[in-house]
Amino acid sequence: MLEPSFLVGQALSGLTAAMFLFIVASGLSLVFGVLRVLNFAHGSFYMLGAYLSWQVTQWIGVATGSFWLAVLGAAAGVALLGGVIERLLLRHLYGKEDLYQLLLTYALVLILGDAAKLLWGTQQKAMPRPAGLTGSFEIAGAVVPHYNFFIIVLGPLLAAACWLLLSRTGTGRMIRAAAYDREMLAALGANVGRLYTLMFMAGAFLAGLGGALVTPVRSIVPGMDVDIIVEAFIVVVIGGLGSFWGTFLGALIFGQVLAFGILILPGFSIFAVFALMAAVLIVRPAGLLGRSFK
Amino acid sequence: MKKINWAAVVWLALLCVPFLGSRFYTFLATEIVILALFALSLNLLLGYAGLVSFGHAAYFGIGAYTCAILMKTHGVPFPLAFLTAGAAAAAFALLFGFFCVRSTKIYFAMLTLAFAQIVWAVCFKWNAVTGGEQGFNNVPYPDLGWMAALPLLGGLRTADHYFLVVMVLAGICFLALRRIARSPFGRMLTAIRENPERAEFVGLNVRLYQMAAFALAGAFAGFAGALFGLFNRGVFPDFAHWAKSAEVLIMVILGGMGSFWGPAVGAAALALLSHQINAVTQYWPLVLGSVLLLLLFVFPGGIMGLRGKRRA
Amino acid sequence: MLEARDLRRTFGGVTAIDGVSLDVAQREIVAIIGPNGAGKSTLFNLLTGHLRPDAGSVRLGGREVTGLAPHRLCALGVGRSFQRTNIFPKLSVFENVQAAIIAHRGRGRDLWSRAEDLFRDEAQALLGDVHLLDKASLAGGALSHGNQKQLELGIALAGRPELLLLDEPTAGMSAAETRDSMALLRRIATERGLTLLFTEHDMEVVFSTAHRIAVLHQGRLIAAGTPEEIRSHEEVRRVYLGQRR
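In the order they appear, the protein sequences are chains A, B and C. Letter 18 of the first sequence, counting from 1, is numbered 18 in the numbering used here, and no numbers are missing. Letter 95 of the second sequence, counting from 1, is numbered 95 in the numbering used here, and no numbers are missing. Letter 112 of the third sequence, counting from 1, is numbered 112 in the numbering used here, and no numbers are missing.
Just to be clear, a hint being listed does not mean it is correct.
[As the list claims (entries may be wrong)] Example chain B residues on the side facing chain A (calculated, C-beta under 8 Å, incomplete):
id : residue
1  : Val52
2  : Ala121
3  : Tyr283
[What the hints assert, rightly or not] Mimicking SDA-like on lysine to any residue, the simulated pairs with C-alpha atoms at most 25 Å apart in a straight line are:
id : chain 1 : residue 1 : chain 2 : residue 2
4  : B       : Lys105    : A       : Leu276
5  : B       : Lys105    : A       : Leu288
6  : A       : Lys96     : C       : Ala142
7  : A       : Lys125    : B       : Leu286
[Stated by the list, open to error] Listed next, with one range per pair, are the computed distances between beta-carbon atoms:
id : chain 1 : residue 1 : chain 2 : residue 2 : range
8  : C       : Pro89     : A       : Ile282    : 29 to 37 Å
9  : B       : Asn137    : A       : Arg284    : 38 to 46 Å
10 : C       : Arg52     : A       : Ala140    : 41 to 49 Å
Derived by calculation from the structure, the hints in this document are not laboratory data. Glycine included, every Cβ here is placed at the ideal spot set by N, Cα and C.
The whole structure should be built from the sequences, with the hints applied where relevant.
What follows is the structure, given as structure tokens:
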């Protein structure tokens, strides 16, 4: 049971899950950091990304590169939806209590969830792996699918890209400034409204991207929206809300605990993660790398 | 001028429902009264303590399963099973509440959801005890034979007898909740809701009070769940599902969390609406979400809010 | 009555309070002044349990209270008002004060009695003391800024404190409001034998009300003494005049 090949396999499986989660959770954390809105519908965006990518492949057929086209198309579509939602609905609630915004995103979960059922039914759907990443190779005796490896590499690359964007570019500086003091930023003449829309769309894009990328590995079903939002939330709790690298760390920890939790309680490994979250909440309520917000 | 106690009037009027002789009306009335209790329990948390819970159905589910399992699997008599159901729900609420109240509003809401998902997952997977995905079926009614011997009640069906039991038990719960809301403890909750920092500096251990509110809300939700499980003749995992939590939350907002009885009105309204909608389409969550949107943008005060200014 | 010794508190890399010691005797009125960012609010938060000091101690009436939670400190006879007005906005003025009294008397655990008329007389007397009796049924959030500060004073007094800490009590007030507010405060302090510790920016208020003044600058106490002593203190003058006050 505890052979190196098994351990390596589990660890890599945990890493894969972690990177999927990171892609999704980073969007959640980003939106919260700037807009101070915890978007419950983030999970719905993830689900829509999955369904949309499946839909796109239905339209364009299976050809070279169609997977990537579908993924990007789906993520872009979800981003567009996010933009519409932010402009038409969320925008009107910014001045009001947090409760209103939370309830709005809650209402969206209900509506988008049923919309998905309406459009695509309740049957499970699946997507094949993209051409070129269908094989697998061995590491220390464990079989690692190429696609999983791709995801494991993509995660940190995406993290690095986002980090560079946030810390080195002018837009990034604006985003970070908005997270600190939106009123000041507005006073300085920045178009905060447009920034908010863009950030919300960026968050939606990441969620949709995560959902689209996960389709070869997990089946597309109703209910995946709530499952992922709870997981993403746990990641953010562990890592620290508002902290970018905290989300990365939280995702890594989540992945490993989930992977090895199976050894302790098969079928109930999610409890291990919950126990971890509870522990973090007691010891460091703001998360491992988090800054406590008011 | 003496104010009319509308709640008492409604309660007395409802007592007459079994004598109308309609199965459907009794069914509907039983459902509404139980859901009203469920909604009122959430309002202790939402309207009074200002804590948004996205996972209140967890305690409804715990109460339902506890009561049903005790009665069917272990032959425990109804009164004891009922009380244990509330106690079990309160215990879990206390446990989860301990973690939830350590966090601010948004975290709190998501944590309540996360814990509720765990409860749902347990109900769903623990086949041996809860019946798993299929649910816990053929839950027996409590022994109500003695009621047929009472004057006036002889001609009624078992479902009617059960309705009257529900009326009495729920009625007691309503009175208890009303008492709590109007008590000094209730005042402390509203103070904490309005300004937790200030509340701390008038001497309140804010977390302790919030946990107490959580536990009380959980207990009454558990009582509602116990009653519902028997009413439904079966307990299912979606009693604890987040969609159920969404429903009860919307009941409270629809009815208006600014008044004590608002949520009861919301429960009745939503129950009636759901019967109408479910007869026509399966997309009840879509309707639910739309109702919530409407409330958020147009009627934040809910039905009772249309009456006038909000009372603390 | 209040002894703070060598209090130290850092945030990230910034030392907000660095080795501050302060004594306040019973029935004294002490003002803490200093330029913006000197650490006045931080010091207050350390004294009232909202923040734990990294080092140092706080004693109340000889009793060690360092790092005690705010609600415990409150029970020991410390009242506080906040810089940003901190009242219960949707509760009525009467209910604001009543809630404070209920909390202080430990009746918060009562799940059974009707709260409506609890401590009615006492609450009304308190409102009378802070000149808000005629506004008793208005919502707290609907009051003017000055009235809200009065309400806050009422809430703080509900606990029958011996020591009152006031964080910028006249912030945002007009000259007339400031005068009235400080007169009320002085009168109540004398009547009830309170010890007052407050921070302020308004020098006129400080020099006319305080028995002693402590000057904070960049987290350190640079001077403490009577108003005359402070007025002629060299370093204080440098700090203030150099800051274009």
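For each hint, the structure was consulted:
no.	hint	verdict
1	Val52	holds (6 Å)
2	Ala121	holds (7 Å)
3	Tyr283	holds (5 Å)
4	B:Lys105 <-> A:Leu276	holds (21 Å)
5	B:Lys105 <-> A:Leu288	holds (19 Å)
6	A:Lys96 <-> C:Ala142	holds (17 Å)
7	A:Lys125 <-> B:Leu286	holds (22 Å)
8	C:Pro89 <-> A:Ile282: 29 to 37 Å	holds (32 Å)
9	B:Asn137 <-> A:Arg284: 38 to 46 Å	holds (45 Å)
10	C:Arg52 <-> A:Ala140: 41 to 49 Å	holds (48 Å)
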